[in-house]
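Novice: Sequence:
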Amino acid sequence: MAGVSRCMKYSMFIFNFLFWVCGCIILGVSIWIRVSKDAQQEVQIDSSAFAGVDLLIAVGSIIMVLGFLGCCGAIKESRCMLLLFFIGLLLILILQITAGILGAVYRSQIETALNNILSESIKTLQSSTEESKAFQQKFQEYERKNRCCGLLNGPQDWGKNFNTRLANYKICECAAEDQSTDLCTYAQGRYIYKTNCPWSICYYCAYMKHAAAFSSRDAFVSAVQCCTLRTSAVCLVTAGENCYYGFWVVICHLARAASQLPFGSPCSLRKL
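In terms of my numbering, the sequence shown is numbered consecutively and its last residue is 278.
Derived by calculation from the structure, the hints in this document are not laboratory data. Treat the hints with care, since some could be wrong.
What the hints assert, rightly or not - Straight-line alpha carbon distances no greater than 25 Å define the calculated SDA-like cross-link-like pairs of lysine to any residue that follow: (1) 82 to 103; (2) 144 to 127; (3) 139 to 194; (4) 166 to 134; (5) 43 to 30; (6) 82 to 151; (7) 144 to 201; (8) 82 to 27; (9) 129 to 165; (10) 166 to 124; (11) 151 to 192; (12) 151 to 186.
Small disclaimer: the values here were computed from a predicted structure and weren't measured.
Please take these sequences and the hints and turn them into a complete structure.
Specialist: Quick look at the structure:
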């Protein structure tokens, strides 16, 4: 029994040390991008994307704190740290389940809101005012970088501006090395990208999920969290909290069952 406890103790220490290192890297890089003008130019980010950087700072901070609590709590066998670590993971798991439920319940409203946002953006793409030029040029650069065209209906989203040259290349125009691939099709006198931009993001999400060997229901992350919850519960037992073990295991099994609810990935939404 002592050998099992020692093995679990050091396994949890190593796992949470890596967890803490990842949190430090995310936090450090995010702060660097947020405060450094050189970094913003290097990664080609502008002030409109600062909300995402701020979110990464928050995520990195949470990961770093949880990793520290789990790492130090395991090696020191501190009941207080392990309890805080367990509560933190449990809260994150509850938030994920809640977000999945809300996403399933309000799916149609979310799609309607996204459609409205995309429709307004299409009007900006078709506009000929000076105020819309900056957005059009940024979006054209995004299309080129992500090998996509338009928001909902491909080249039609640009309207009369489709034949306008905003940069060194025409709107939706395929790069020379892509013209002979399945990414492009010949239309309106030139090779253009076939995929609209919202779906290019979803294809990228799907690719990353398969590359990381995640299941279609994103159950892997929840399972890892659940196993970590159980590990922290066992460490609490080792530290002397025998009477709580059954309670933690029950919660763990409930969380595992909840994680198997049929909620799709954000990228599995039907085409807008």
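Novice: Measure nothing beyond the straight line between the CA atoms of residue 151 and residue 186; if it is 25 Å or shorter, mark the hint as holding.
Specialist: Holds: residue 151 and residue 186 sit about 17 Å apart, inside 25 Å.
Novice: Compare the distance between the alpha carbons of residue 43 and residue 30 with 25 Å, and conclude whether the hinted pair is satisfied.
Specialist: 21 Å, holds
Novice: Compare the distance between the alpha carbons of residue 151 and residue 192 with 25 Å, and conclude whether the hinted pair is satisfied.
Specialist: 19 Å, holds
Novice: Could you grab the alpha-carbon distance between residue 166 and residue 124 and see if it respects the 25 Å cut-off?
Specialist: With a Cα-Cα distance of about 18 Å, the restraint between residue 166 and residue 124 holds, given a limit of 25 Å.
Novice: Regarding the pair residue 82 and residue 151, is the alpha-carbon distance no greater than 25 Å?
Specialist: 49 Å, violated
Novice: For the pair supplied as a hint, residue 82 and residue 103, is the alpha-carbon distance within the 25 Å limit?
Specialist: Given pair residue 82, residue 103 is violated - Cα atoms ~31 Å apart, limit 25 Å.
Novice: Need the status of pair residue 139, residue 194: alpha-carbon distance at most 25 Å?
Specialist: Status holds; Cα separation ~22 Å.
Novice: Take the C-alpha atoms of residue 129 and residue 165, compute the straight-line distance between them, and say whether it is at most 25 Å.
Specialist: Distance ~9 Å between residue 129 and residue 165 Cα, so the pair holds.
Novice: Could you grab the alpha-carbon distance between residue 144 and residue 201 and see if it respects the 25 Å cut-off?
Specialist: Holds: residue 144 and residue 201 sit about 18 Å apart, inside 25 Å.
Novice: Within 25 Å, alpha carbon to alpha carbon, are residue 144 and residue 127?
Specialist: 12 Å, holds
Novice: Assess, step by step, whether the Cα of residue 82 is no farther than 25 Å from the Cα of residue 27, and give holds or violated.
Specialist: Judged against 25 Å, a Cα distance of about 19 Å means the pair holds.
Novice: What's the verdict on residue 166 and residue 134, does the C-alpha distance respect the 25 Å limit or exceed it?
Specialist: Holds: residue 166 and residue 134 sit about 9 Å apart, inside 25 Å.
When each numbered hint is compared with the structure, violations occur for hints 1 and 6.
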